[in-house]
Amino acid sequence: MKKKTFLILCAAIVSSIAYYYTSENEMQDVMTMRNIEALSEIENDESLWEYPDGKPNTFTCGATTASHWWGNSTCAYNVIICTGGGAGCNERRCPEHG
Amino acid sequence: MKQYAQSYYLAVLSIICIITACKTKNVENEPDVPIIEINLGEITDAITNDIVDSIYYVGLPHIDGNIPVSIDKIIVSDGLIYTADCRHGKIFAHEETTGKPKFAIDHRGAGPQDYGEIRSMTVNEKHILIIDNITHKLHFFDSKTGNYITSKKMPIVADDIEVLDNDKFIFATSYIKGTKLNIDQPKYRLFVTDNDLNIIDYIYGLADNEYDSVNQRTIFSQSPKGIIFSSASLNGFMIIDTADPRKQTKIKLPFNKSLSVDKPIDIDNLLQYQYLTTAPYMSKDNLYIQYSTGDGHVRQNIWSKQFNGLLSNSPTNLSKAILPVVGSTHDCFISTIDCHETYVAITNDGFTKASDDIVQILKDDCGIALVFYKMK
Chain B
1142 MKKKTFLILC AAIVSSIAYY YTSENEMQDV MTMRNIEALS EIENDESLWE
1192 YPDGKPNTFT CGATTASHWW GNSTCAYNVI ICTGGGAGCN ERRCPEHG
Chain A
21 MKQYAQSYYL AVLSIICIIT ACKTKNVENE PDVPIIEINL GEITDAITND
71 IVDSIYYVGL PHIDGNIPVS IDKIIVSDGL IYTADCRHGK IFAHEETTGK
121 PKFAIDHRGA GPQDYGEIRS MTVNEKHILI IDNITHKLHF FDSKTGNYIT
171 SKKMPIVADD IEVLDNDKFI FATSYIKGTK LNIDQPKYRL FVTDNDLNII
221 DYIYGLADNE YDSVNQRTIF SQSPKGIIFS SASLNGFMII DTADPRKQTK
271 IKLPFNKSLS VDKPIDIDNL LQYQYLTTAP YMSKDNLYIQ YSTGDGHVRQ
321 NIWSKQFNGL LSNSPTNLSK AILPVVGSTH DCFISTIDCH ETYVAITNDG
371 FTKASDDIVQ ILKDDCGIAL VFYKMK
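Just so you know, the sequences run in chain order B and A.
For the first sequence, the residue numbers in the working numbering are 1142 to 1239.
For the second sequence, the residue numbers in the working numbering are 21 to 396.
Treat the hints loosely; a few may be bogus.
[Unchecked claim] To spell it out: a stretch of chain B is covered by chain A in this simulated footprint if at least three of its residues, at any positions, have a beta carbon under 8 Å from a beta carbon of chain A; those stretches are:
| no. | region |
| --- | --- |
| 1 | 1196-1204 |
| 2 | 1216-1226 |
[Stated by the list, open to error] Some chain B residues near chain A, calculated using beta-carbon distances under 7 Å:
| no. | residue |
| --- | --- |
| 3 | Trp1210 |
| 4 | Trp1211 |
| 5 | Asn1213 |
[Said to hold, decoys possible] Heads up, simulated SDA-like pairs for lysine to any residue below, C-alpha to C-alpha not over 20 Å straight-line:
| no. | chain 1 | residue 1 | chain 2 | residue 2 |
| --- | --- | --- | --- | --- |
| 6 | A | Lys200 | B | Ile1222 |
| 7 | A | Lys200 | B | Tyr1192 |
| 8 | A | Lys157 | A | Asp126 |
| 9 | A | Lys157 | B | Ala1228 |
| 10 | A | Lys373 | B | Trp1211 |
| 11 | A | Lys200 | B | Pro1193 |
| 12 | A | Lys200 | B | Glu1191 |
These aren't lab readings, by the way, just hints derived from the structure by calculation.
No residue lacks a Cβ here, since even glycine has one placed at the ideal position from N, Cα and C.
Could you build all of it, start to finish, from the sequences and the hints given here?
Right, dumping it as structure tokens:
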């Protein structure tokens, strides 16, 4: 009986620890998403977004910025371009290259 | 007997507790991928000129007053050059050898033969295929005439497309934290479909808490060895066999501080990490890569298999210096010159000159020029 109780207790402890660590990030993500959703609900979706159906795509500007045209440096500014398929997006253009 | 039954049930209960506490992940038989690591060290005793055989220009005159403003994809196929300006919703087709205009697709709109956007595109023998995530359709246009053919309902939101053998397609989707897609789709990076867009395979699942920190302008590029599939989170890129998309090779890049899908990074901190910023291009045994160095810069270089490292342009011999690459064929990298001022500046520094008719196109601001680097 004691052995069985011990086994049950061990299983419960292991699963609790696993659940805690795996759900912690989930909670943060859930809260982040809830914040985003709450903001859009409160403020009226369409007024919050440049593109209400937009999906944000983040990528590097990439325009050549080397002091000489043959140099290999490019603009490192990360832009956000909105395309379809999402639930709201605001663009962020490169301040130098558009 | 009763004791054994009780022990059995205890064991099952324990296993169930452990399994249900674990994070769910969409991992289904991910392909077993061989890995090749390449050296990103800079080669100092060779320059890009050493791997470029020759340069030639192809002028692309305007088509009905339209000129590509930003080039997102270039595909050379069956004697035609297809140039996609996705941002402005247009695709141009010119003859490969002469640059003679063939047609332009400019159908952004709400009509029955229109598209809401060009998210990305590709070309097969018969069709130009356009991903439109606004209407959730894949649009088919005739690859020789540019005429509208049909549209098919997309089962997913996709960021890029390429063509596989046997009329199949492969789509790629990236997932940025905080982004909601307006189609409920399983969270995979790659989707393989038949010609009717029925999904027949899913590759590289992501767990609920896994995201990309950053996209790329293009996710696929074509190469002689297969389809290049790239993601900033991959620490390299994959080469996909077009006959069997589960047959892949990973080219691993020696990034010390790379991005990880389980720890997405805020956009303003990305440059502290090393990652590819666009899909690499391959021509013969050379790669064009553009990547964040992790110290606030983004670089572009040619990696050469011959020299096993990165080559740079030499300021003392700029005749074949490599401009930013926007596409490739099996033996050429392709760059663009979109204004006469740029052409004058680079040729004054020693870059190979174009013929008078191409210079005139640039001077009259009625077209662009493509620069083809034929690789050794």
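Here is how each hint holds up against the structure:
no. : hint                   : verdict
1   : 1196-1204              : holds (count 7)
2   : 1216-1226              : holds (count 8)
3   : Trp1210                : holds (6 Å)
4   : Trp1211                : holds (4 Å)
5   : Asn1213                : holds (5 Å)
6   : Lys200/A <-> Ile1222/B : holds (15 Å)
7   : Lys200/A <-> Tyr1192/B : holds (13 Å)
8   : Lys157/A <-> Asp126/A  : holds (16 Å)
9   : Lys157/A <-> Ala1228/B : holds (17 Å)
10  : Lys373/A <-> Trp1211/B : holds (15 Å)
11  : Lys200/A <-> Pro1193/B : holds (11 Å)
12  : Lys200/A <-> Glu1191/B : holds (15 Å)
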